[in-house]
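Just so you know, the protein sequences line up as chains A and B, in that order.
Under the working numbering, the first residue of the first sequence is numbered 1, with each subsequent residue one higher.
Under the working numbering, the first residue of the second sequence is numbered 1, with each subsequent residue one higher.
Just so you know, the hints here were simulated from the structure itself, not pulled from any lab data.
A quick note: this is a predicted structure, and the numbers were derived from the prediction, not measured.
In this text, a Cβ means the ideal position worked out from N, Cα and C, and glycines have one as well.
Check the hints yourself; a few may be wrong.
A few chain A residues facing chain B, derived, Cβ under 7 Å [to be verified]:
(1) V186
(2) D219
(3) P258
(4) L267
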Amino acid sequence: MLLDVRDLHVEFRTRDGIAKAVNGVTYSVDAGETLAVLGESGSGKSVTAQAVMGILDMPPGRITGGEVLFQGRDLLKLKEEERRKVRGAEMAMIFQDALSALNPVLTVGDQLGEMFVVHRGMSKKDARARAVELMDRVRIPGAKERVRQYPHQFSGGMRQRIMIAMALALEPALIIADEPTTALDVTVQAQVMELLAELRRELNMGLILITHDLGVVADVADRIAVMYAGRIVESSPVHDIYKAPAHPYTRGLLDSIPRLDQKGQELYAIKGLPPSLLNIPPGCAFHPRCPMARDVCRTDVPPLYEVSEERGSACHFWRECLHG
Amino acid sequence: MAEPILEVRGLVKHYPLTTGVLFKKQVGSVKAVDGVDFTLHRGETLGIVGESGCGKSTVARMLVNLEKPTAGVIRYKGEDITQLTGKALKAVRRNIQMVFQDPYTSLNPRMTVGDIIGEPYEIHPEVAPKGDRGRRVQELLEVVGLNPEYINRYPHQFSGGQRQRIGIARGLALRPEIIVADEPVSALDVSVQAQVINLMERLQNEFDLSYIFIAHDLSIVRHISDRVGVMYLGRIMEIGTDEEIYDHPTHPYTQALLSAVPVPDPEAREHRERIILAGDVPSPTNIPSGCRFRTRCFKARERCALEVPALAVPAEFRLTTGPAAHDSACLFAEEKQVVPPEETR
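All chains, please: the whole structure from these sequences, using the hints.
Written out as structure tokens, the structure reads:
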């Protein structure tokens, strides 16, 4: 197992109280595998990733429990210095908004080359040559000339390619991509996702894809973990979940998206709103919005029940959901 | 089909690019909208899709008179509204209202919800007499599914979906006939999107509204629209009923766009043909000659650089009556099914 996150808890101290962003998340990724973490805003999907990467702002954030085992080592126990060597070299992250993730006053060549200078102790000249290679690899036309340009001189899709190049620079074993194509247009999104999938295959990396888009998940993921209010409510191989979801939240999400191949009737809408993290409902956090909720859901937190060897659902009534 | 309520012909918006501080000199122009034609019929929803920078929002802003067109006409019930001023303009504006994309920036944070929704009545007092406004606003809140007691709350006390409902209530306040909605759900979470779309469909039936629905999400547009226009670099490339556009597209850009949309069905990924376009959209300051899509088109030939294809039923389909016979601005239009047929779920 490449990455094994176990029972991770993260909270944030805010003026209004303690926001419980992540409440016992467990997931794992193998080498060469793509895990999609799906959730709406505030579900804790990005915070989990930041805790894994070690880029969580602390304070106000605080990891209050759990383990992040990466190639067998618990990253949460490492000193910051050791952690820094892992970050970038062994695991790397691609952010949603490439324009704000890149430094506007440095050329892209300098930013790409920096990886080699800092982690590999290369000379500036060698690092520049490697930067050009990387830009070629992510198929930026005219890499040799464009290596001297600044981020604002690139289009959105090209900037996202530079982010990918930066993440790939040191050939990490794991890449975490946080909504990598959300800011891009569909035709460009298709280009970037294809590139990412291809490079992942080539380098046999593990990929965690954080997204809210069920379409993107269906396109590229092997497995999926659905998050709600800081917990994983369903985890499954990707094929099974679209055919028969085992959690009413997943079912609601699937039913509420309009489809390209169908002229729809009225859309199914999950009633109400996601809960405030300052005040997560007792029992199952989804119960106030759930069409299947019963008394037990208001009092008992459902564990992740085993649906099959590869599937889990945090619903007391997963059997009903699966077959109904 | 019902009678046309809004006709747009040859709509153009160019923004001048100038240099010099004291003596300004025009050095070019951003051709945001470069000749757009369409017709909206009473009670129908016309969806406009396109990627960022294609001019769809500029079209929306011209329809509600937030921008003056450089050329072209917008006829509302037969009358060109681009030349109107004063009272006549005010009267027309009452009937064409807008719902904005970002529910976080389109509501004034210092105004209560009651003031926001009631503000249109300040400008058009003939719609609601002063003493009656509070009651009207509460009615509107109820119509969009919010608690009428929230009238004295501020926007920050609401979630994104609720704010968009407030924006819709404001759009409805003057009882308009046309609502121009510019990406009304793209800032919302999936589970909330469906609520807002259902609301918009319900309101359309209830108040006999005509919608111009602008979005980049092709699935949502198909869901809500009766007809769909596909824009690229300031022009409509293809326009037709939802079935014509989605199931029988004849323009290569529409085909590429549709094939790029991720479909929430993992079974589809093996047997789906992807048309991946090369490169990025050209700059609207420097539009390619001939067909503006040719630089990214997988079918481009020499003729495409010389001839501007008109938006009309392509010659090869002119004598047929099938769904492929709809307006498509391509010299080499060809029907191609790119969305896999409905699978049984």
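### Violating hint indices (sorted, rising)
Every hint satisfied by this model.
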